[in-house]
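*Asks:* So you can see what is in the structure, the chains are spelled out below.
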Amino acid sequence: MSSSSASAADRLAALGAVTGPEREAAILAALEDEAPLVRDLAIRLASRYVEPQVLGALVADGENAARRNGALAALERQGPYAVPYLLELLRSPDAELVMFALQVLARIGEPTSTAGIRPLLRHPDPNVAQAAIETLGRLRTADAVPALLELLDGELWLQLAAVTALGEIGDPAAVRPLLALVPGSVLAEPAVRALQRIAAPESLEPLLRLLSEIAEPGLRQAVLEAVAVVLDFHSDPTPVATGFAGELERAGTLEGLTAYLSEILRRAEAEAECARELGSPGPADEPALALDAAAQAAAAVALTARLRGLYPLVLRRVGDPDAPWAEPLWRRHGAVPREELAALLSHPEPAVRRGILLAGGFDPADLHALLVRLNDGEPAVRAAACRALGVTGDGRAAKVLVDRLQHGTPEEREEAATALGRLPPEALAPLRPCLAADAREPVREAALEAVRLAGAAAFEREVLDAVRAPSDAVRLAALRAVATLSGTRAEVALLRALGDRDDRIQAEALELLAARGGDRIGTTLIALLSAEDSLRFRVIRALGRLRTREAAPKLEALYPEVPLHEQVEIVRAVAAIGAPGAVGFLRGALASPAAEVRRVAAIGLADLATADDLATLAGLAQDDDWALRNEAARGLGRLGLPEGRAALLTLVRDLEPVVARTARIALSKLGDGSGTAAA
Amino acid sequence: MNAADDFEYKLLCDLIQARFGLSFAGSRREILAARVRPRLAALHLHSILDYYHYLRCHPGREAELDRLAAQLTNNETYFFRERHHFDIVVKHVVPGLREALRTRPLRALSAGCSSGEEPYSLAIALYEAGLELRGITWEIEGCDLNRDRLARARTATYQAGSLRACSPEERARYFDERGGAYVLRERFRRRVSFFEANLAEPGALAGRGPYDVVLCRNLLIYFDPQGFDRTVRVLGAVLAPGGYLLLGHSESLIDRSHEFVPTWLEGAMVYRKRGADGTAGGEPR
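These protein sequence lines are chains W and B, in that order. The first sequence begins at 1 in the numbering used here and counts up one residue at a time. The second sequence begins at 1001 in the numbering used here and counts up one residue at a time.
Okay, chain B solo, but in the shape it has when bound:
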C-alpha cells in the first residue's frame, strides 16, 4: 500500500465508519477492496477515490450506499451454521424459562440476520424440540440493514448452498424443492418476522424486545472498538435480565462489557445479561 492508497482508503473507510459503524482499518482493508471491486466495475469507476466521490456527491448515492452495505456485510450464511447455538437455546434457555413461557412466547432476535437462515434455523430447532406440544410458542425477529436481503428472507427461498449443513433427510423434511430452489415449509416460517435496522445507530432497536435470547454472530467483527461497544449496548438494552447473547466463535465480550456474565455452555462461550442484583442467575421475565 502506498501513501496514495492510504489516502483513498481512509476517505472511504471514514465514510463507511460514519455511515454504518463498520471498520475496515488495517489488514481488513483487503477485505474492503475485494468487496467494493464489483461495485466499481458495475459503475464504470476506476479507483477508490472515484467511488468515494460517487458515494459522497452523486445523485444515486443513497441507492449505492444500500448496495455497498449489502456488499460489506455479505457474509455467506447457511442453515444450522454453528449448530450448537440452537442446541443451547433448546437445552438451556427454554428450560430456564419454563414457568415464564406458560404465559408468553419465547422471544428471540437474530441481529444481522441476512437472508433469514439463522432465525429460520432457530425456528426449526424449536419446532423439532417438540415445544409446541408442550404449549410453548415463540416469536423470532430478524433484523438486517439491507432491505434486499430482508426481502429474500421473507420469501424463505434458498439455493442449495444455504442448505450445505443440512443432511438429505433435513432437506426433505424442512424444504420443498421448486425449480432448483428450496422453499422453507410454512410450519417453520410461522412466528418469524423481519425488520430493517442499522445496529450502528443507537436507537436502532428502540421499542423492541425484551428478548430472551439475541443471536448476533459474525457481525461484531466488522465494528471498530467504539462501534462494537455501542452495538453491544444496543443489544444489551433489548435483552431481558438473565437473557442470553450468542456471538460468533471469534467474537468475545470478555474484558469488554460489565453488563454480561460469560457462561460456558455446550462447548461455547455465551453471555448472560446481569440482572438488577448484578448476577445473571435470575430467569428472564
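Isolated chain W, as found in the complex:
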C-alpha cells in the first residue's frame, strides 16, 4: 500500500477491497498513508478487524508516530471492546504507554474503568498522575472527588488538572475548596470555570461578590459567565441577587457593577449590528460569540438583581434574531412594578417599547396602558401591542384587536389573530363579520385562525360555511378550526375534505382526522384503502399512527399490489400496529428486493422482536447495509439477552460510527455486567 505509487483515490479503493490474510498488514500500513482519507479508512478498518493487543503494540512503538496515532484512534473506536485490554495496559511499567491508555479510556468514557484508574492518582511519574486525574474528570465519577480534593494541596500542575476534573465531575462538595482559589491564586480562572460547570446554588452569592470586586477583565468576565450559568440552574435566584444588589447599593458600590454590565450589553449589541451590516447571520467568530455569551450573562444578572437602569438595554434585544436569549430571559427573570411599566411602554426607543410588549407578562389592569400603544407610530410596536393585549386575556380588548385584524399590517393581523385566540370565546362576537363570506380573504383566514385558537363552538355555522369557500387558504384555515369542534357535522366536514380538489387540503384533513381519533375513523380509513389515489399513502400512514388493529390484515393483503412508497408505509404501519403475526410479515419483508423495504422491516423487527428472533437479528448484524446492522444492534439491546453479546461486540467495532454507537448503548443494556468484556 505505497503512498506514492498510486493516487489517493486508488489507494482508498484498494484498501476498501482487501480481504483475507493480507488485510491486517494492509490496514496497518495504511495507518501511515499520506492522504487523510486513506488514513481515516484504515482507522475504521483497524477498529473492526485488528485486535486491541496488535494495536497496543503499535502504541508502544515510539518510533512510528503515524501508526501510533492511528492505533490510538482505532482503539478509541473499538470502545468497550478495547477497555479490558486498556485496563491491563495501566499496569505497564512504560509510563508513556500508560498515559496513552488513559487518554483512550477517557475518550471511550466507560465509567466502570474508574476503579482501575484511581490508584494512578499517586503515581510517581507526575505526568501519569496528571493523565489519571484528567481521565477521572472525563469519566465524571463522583467517587473520585475526595481523592481529587486532596490533590488541591499538591503540585501546581496536578492542582490545575484536579480543578478542571472537579468541574467536569460537577459535585457540589468541591464548591468551597474551589472558591478558596479565587481571586488570589494562579488557578483562579480555572477554578471559576469549574464552579461554572458545577453550577451549585450555594456558589451564587460568593460569585456575585467576586463579580463586584474583581477588576481584572478576563477573570471578571469568567465570573460573570459562571454567575449566569448558576442563575440558570438556580430554582429561585432573585432573593439572593436582589439581596446582594441591595448590599452594594447601601455600600455605594452598585454603580461600578452596573457600569460594567452596561458596557458589555452595549458592546454586544454594537457587535451584532456590525455583523448584520457585513451579512453574517449571528455572531461570526469566537470573540463575537464570547461577547454574546457575556451579554446574555450580563442581562441575567441585571434582571435577577433588579438593576432597572439596565432594563432598556435588555429589552432592546427582545425580538432581535441575533439575541434569541433575550425574550426567554425576560420572561423568566424580568419584573417591572406597574408604576414603572408606563415609562418602558412610552420609552423613546421603539425597540424598547416593542421589547416590553413582546416579553412582558400583562394582566387586565394593564389594558389601558397597552391600548395606547395600538396608536404607536411604529407598525412593529403596534403588532407587539396586539400580542400583549392577548396576554392580558381580557375580553374588552376584542374589539380593538378585530380592528387591527381588519385594518392592520400583515404583522399586526397575524398578532391580532393570535391575541384574539387567547381571549375568552364569549368575547369574540366582534369577530363575526370577519368570518363572513364577503370578508377579505386574508382577514377571513386570520379570523378563522383566531377561532381555532379560542375554540370554534360559538362560530360553528361560520366555520362550516368557510369549509366550502372558493379560496384554498380559507378552506384550509376553516378545516383547522373545524377540527376543534366536536360532533358529527365537524367530522363529516373533515371527511368531505378528503375529496377536496387541493391535495394539501386532503392531506391536512386526513391529519386532522387521525389526530382526532375516535372509533369510526379507523373504519373509514380502512374503507379508503381501496381507492388507488395519492391519498392512500397518507391513509396507510394514518392507520399506522392510530394503531388500528383491524387494519393490519388489510394492509398485509394490500402489500403485494401497491407501489414501493406505499409498501414502505405498509411495513411501517404493520410494525407500528404490532398485531399478532406482524413479526412474520416483517421477516417476509426482509426478503424484499427493495432496500428501503428491508430497512423499514428491520426497524420494525428491532421494535417487536422476541427471543425467537435472535437468529434473524444476528443475521441482520452481518448485513452489508449499515442500516440493517444498526437495527440489529438496537433489537439486540432491546431484548437485553446475553446471547446477543457476541454479535454486539462485533457491531461495537462497526465501520459505521452510528452502528458502533447503537451497539455500545445496546451492550450497556445487557444487564449481565458484561458491557466491557471483550472475551
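Some clues are possibly wrong.
SDA-like, lysine to any residue: derived pairs with alpha carbons at most 20 Å apart [stated by the list, open to error]:
{"hint": "1", "chain 1": "W", "residue 1": "K669", "chain 2": "B", "residue 2": "D1005"}
{"hint": "2", "chain 1": "B", "residue 1": "K1091", "chain 2": "B", "residue 2": "L1072"}
{"hint": "3", "chain 1": "W", "residue 1": "K669", "chain 2": "B", "residue 2": "A1004"}
Cβ-Cβ distance ranges computed for the label pairs, FRET-style [claimed, not checked]:
{"hint": "4", "chain 1": "W", "residue 1": "P321", "chain 2": "B", "residue 2": "E1266", "range": "23 to 33 Å"}
{"hint": "5", "chain 1": "W", "residue 1": "S185", "chain 2": "B", "residue 2": "A1018", "range": "47 to 57 Å"}
{"hint": "6", "chain 1": "W", "residue 1": "T242", "chain 2": "B", "residue 2": "A1181", "range": "51 to 61 Å"}
{"hint": "7", "chain 1": "W", "residue 1": "A457", "chain 2": "B", "residue 2": "A1025", "range": "26 to 36 Å"}
{"hint": "8", "chain 1": "W", "residue 1": "P350", "chain 2": "B", "residue 2": "G1179", "range": "19 to 29 Å"}
Honestly, the hints are just simulated from the structure, not real lab data. Think of the CB as a built atom: it goes at the ideal place given N, C-alpha and C, for glycine as much as any other residue.
Given chain W, work out where chain B should sit, using these hints.
*Replies:* Here is chain B on its own, set in the frame of chain W:
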C-alpha cells in the same frame, strides 16, 4: 442527539451527499434540521425518517429533491455582498488582461449564483468602472442547481432585502421600483446569462469557459472534503491559466489544492490558477 436521531439523520445526510455532494455531518446537522423543517410541515410528515422515505420512494420525490436543494443552499444573498471582490475584478483582473480584452470579452462565472445578485453586482461594477467606454466588454454567466432561483434571476426583480448593502443613490441609479419590488435596469442585465448546473457532478461545467474569473462564494462550505476537492477541480477546469478564483471569506484553498496560487489582494485572499510553467504570473488568454 440520541442514537435514533443519529440513525435518521445519517440516512438523510447520506442521501443528500450522494445526490448533491453537500455535507451536513457533525454540528451542521442543526442547520439541516432547520432547513428541512418547513418541508416536513408542508408535506405533513412527522420525522426525518418519514422525509427520507419520501425522498427515496415517493412518486413526487424528484420535485421534492429540487425543493430540498433550494432549501439546503438557500443562502441569503444580496447585491454587493463582500464588495471588495468586485473591486478586485475591476482593479486587478481587468488591468492584467488589458491586451487580451481588446479582442474578446472578459469572461466571468458566478458559481452558485442563487437569484442573480452576485453576477449582476459584477456587471454593475464593470459598467460603473467605465470599461465600455474603453472598448472592453464582458460576458457573465451564473449557474445554480435550483431552477426556481434561476428563473427569479432572469427576471432581475428583487425585494428590498436584496438591496440592503446599496446606498439610496445606488438603489435609484441601478433599479426601477415597481409595486414595491426593484427591477434591475436593462443596461446592467445585458451580457449576464444563467444556466442550471449541479457543481457536485464532475461534468457540471463541461463545454463551458475558459473564464478569467470565477466567483464561488459561500458554497464550498457545504461540501464534504471530497466534494470540496471535486468542486474545486470542476471550477479549476474551466478557469483560464492565471485566472482568478474568488471564494467566501471563510473558505480557503491553502493546503488543499496545488492547482492555485494564493494571492493577497484588496485585503482578501484570492486564488490564481497556475499556468503550464507552474506559476500564476501569466495573464489568462
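*Asks:* Decide, hint by hint, whether the structure agrees.
*Replies:* To see whether the hints hold, each was checked on the structure:
Restraint check for K669 of chain W and D1005 of chain B: satisfied, since their Cα atoms lie roughly 19 Å apart, inside the 20 Å limit. The hinted pair formed by K1091 of chain B and L1072 of chain B fails the criterion: a straight-line CA distance of about 34 Å is larger than 20 Å. A distance of roughly 16 Å separates the Cα atoms of K669 of chain W and A1004 of chain B; the hinted pair therefore holds under the 20 Å criterion. About 30 Å separates the C-beta atoms of P321 of chain W and E1266 of chain B, a value consistent with the hinted range of 23 to 33 Å.
The beta-carbon spacing between S185 of chain W and A1018 of chain B, approximately 55 Å, falls within the hinted interval of 47 to 57 Å. Between T242 of chain W and A1181 of chain B, the C-beta spacing of about 52 Å keeps the proposed range 51 to 61 Å intact. Checked against the given bound of 26 to 36 Å, the beta carbons of A457 of chain W and A1025 of chain B, roughly 50 Å apart, lie outside it. For P350 of chain W and G1179 of chain B, the hinted distance range of 19 to 29 Å is satisfied, since their beta carbons lie about 27 Å from each other.
Checked against the numbered hints listed earlier, the structure breaks hints 2 and 7; every other hint is satisfied.
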